[in-house]
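What follows is the residue order along each chain.
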Amino acid sequence: MEANTKQVSAVLSPPAPHMVGDGFRVHNFFPSGYRIKMSPFFLLDYNAKIGFSARNEPRGVGVHPHRGFETVTIAYHGAVAHHDSAGNSGVIYPGDVQWMTAARGILHKEFHEAEYSKKGGDFQMVQLWVNLPAKDKMSPPKYQGVKHDNIAKHVLSQNGDAIEVIAGAYQDTKGSVSTFTPINVYNARLNKGGKAAFSFPATYNTGFVIIEGRIQINDSEVAETDQFVHFKNEGTEIKIEALEDAVVLILSGEPINEPVAQYGPFLMNTAEEIQQAISDYNQGKFGYLEE
Amino acid sequence: MLEQFKTYLQNKVAITDEQFALISGKLKIKTFERNEMILMKGEVSAHGYFVMSGLLRSYSIDSKGKTHIIQFAPEQWWLSDRNGMLFNEASDFFIDAIERTEAVVIPKDYINEAAKIVPCMHDFNHTILNNSIRFMQKRINMLLSATAEERYLNFIKLYPNLTLRVPQWMIASYLGITPESLSRVRKDLAHKHFKV
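Protein sequences appear in the order of chains A and B. When the letters of the first sequence are read in order and numbered with my numbering, they come out as residues -15 to 275. When the letters of the second sequence are read in order and numbered with my numbering, they come out as residues 31 to 226.
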């Protein structure tokens, strides 16, 4: 093994699932599932592939607030309709990404998209909470929606192996999403036998979600569908090979080394800021969104 | 496990660790799962509850099947049916767990028994009783005379984080207003306070 290989620290199986509202059946890999260092990623809820029955009344999560971070939704199967108090709305279809900066405060709701709900079928999503540095926590909310077709693609081989760069950069391919701290988020889509190599600074916290298929990492560890691969903060180079057709969500970012205070949907630096967030929410300072 | 309850008591009355040990033998901690029924209307309750984590509620159901929430009990709150605890009568209310809850189960007559060993428990009893009466008086006045907005503003002062923990209809039920009125109140507040 090369000296500068970023080695696997653990291959983690999905913890027991729980429901978020009635529309998302998620395995929380962190912070509650496993105590692993993943800052600036604070939370990873993984809705492993599951079939929902057809229903006229869409399942989902009603109006709720966020402050102090960004929510990132990446769809693989099924479709989610989103509305927020800043007037943004949209549908996240398979391959699409929604990067919502809650920052100083937003209300939103997420439901299965009406047509998908009526038909039912496979549903698979990732939701990440990306922390913001203290100086940006109270910046204005914003919304970046990226359609699958518009995601920058780095083609690796003629048989279609590719890295879709959502945020950050893969070699000379840059993602369109702007972030507050250095972050790389990619979807690697590899055919059986397809290979990819990554290079991230040793200090960056790094993890992969195996969305589909089975891969071998650094010619040694093997990880399969629904597992999370966590890397050590040593070395820089990672190699993967698809043992089956595979889709892998790749996360790597520079840690935000600031105190964290979390309560429910708020992620701040101090307990006082959490109290303030609760009070502001109660008093309508996040705006209004119809249920 | 009873450490939290001990700290709570020690913040209210001068009770030593040794005294607490003498009066805590009959206390038990119980975990209630989310939605678990703890007391049904018509039952005679022999226990009160001190919530360490989670959230309990007491409520009634009227002849039309509508739920009326009497009290929420989040962390550090007491909840009991005094009909059963003190008068050996059937409860008018239901008690259940809104969240998974860990509570200290307080047996009937506990405080009187404890006061025989540690007299300052009488003072403690008076304090929480007076506090409870004061709370009820305010609540009656709110329900008789306050506007929907006043009720909501009072609620968020009393229970700041419950707006994040229970659905709107439960808050409306507690306030004695319709969910639509609550929605209107929140919308009006947002218009007053939200700045782009």
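In case anyone wonders, no lab produced these hints; they're calculated from the structure. Please note: incorrect hints may appear among the correct ones.
Unchecked claim - Computed spacing ranges between beta-carbons, pair by pair: (1) A:S73 x B:E129: 27 to 33 Å; (2) B:L159 x A:K216: 55 to 61 Å; (3) A:A0 x B:C150: 44 to 50 Å; (4) A:G71 x B:K56: 34 to 40 Å; (5) A:K119 x B:M70: 51 to 57 Å; (6) A:K103 x B:R164: 54 to 60 Å; (7) A:G71 x B:C150: 54 to 60 Å; (8) A:R19 x B:G206: 14 to 20 Å; (9) B:R130 x A:S(-7): 44 to 50 Å; (10) A:Q259 x B:G206: 33 to 39 Å; (11) B:C150 x A:Q246: 35 to 41 Å; (12) B:N65 x A:T187: 42 to 48 Å.
Glycine included, each C-beta is placed from N, C-alpha and C at the ideal position.
Going through the hints against the structure:
1. A:S73 x B:E129: 27 to 33 Å: 31 Å, holds
2. B:L159 x A:K216: 55 to 61 Å: 58 Å, holds
3. A:A0 x B:C150: 44 to 50 Å: For C150 (chain B) against A0 (chain A), whose Cβ atoms are near 46 Å apart, the range 44 to 50 Å holds.
4. A:G71 x B:K56: 34 to 40 Å: 58 Å, violated
5. A:K119 x B:M70: 51 to 57 Å: 54 Å, holds
6. A:K103 x B:R164: 54 to 60 Å: 56 Å, holds
7. A:G71 x B:C150: 54 to 60 Å: Once the Cβ atoms are compared, 58 Å apart, the range 54 to 60 Å for C150 (chain B) and G71 (chain A) holds.
8. A:R19 x B:G206: 14 to 20 Å: 44 Å, violated
9. B:R130 x A:S(-7): 44 to 50 Å: 31 Å, violated
10. A:Q259 x B:G206: 33 to 39 Å: Hint violated: Cβ distance 27 Å, outside 33 to 39 Å.
11. B:C150 x A:Q246: 35 to 41 Å: With a Cβ separation near 38 Å, C150 (chain B) and Q246 (chain A) satisfy 35 to 41 Å, so the hint holds.
12. B:N65 x A:T187: 42 to 48 Å: With a Cβ separation near 45 Å, N65 (chain B) and T187 (chain A) satisfy 42 to 48 Å, so the hint holds.
Consistency note: the structure conflicts with the earlier hints numbered 4, 8, 9 and 10.
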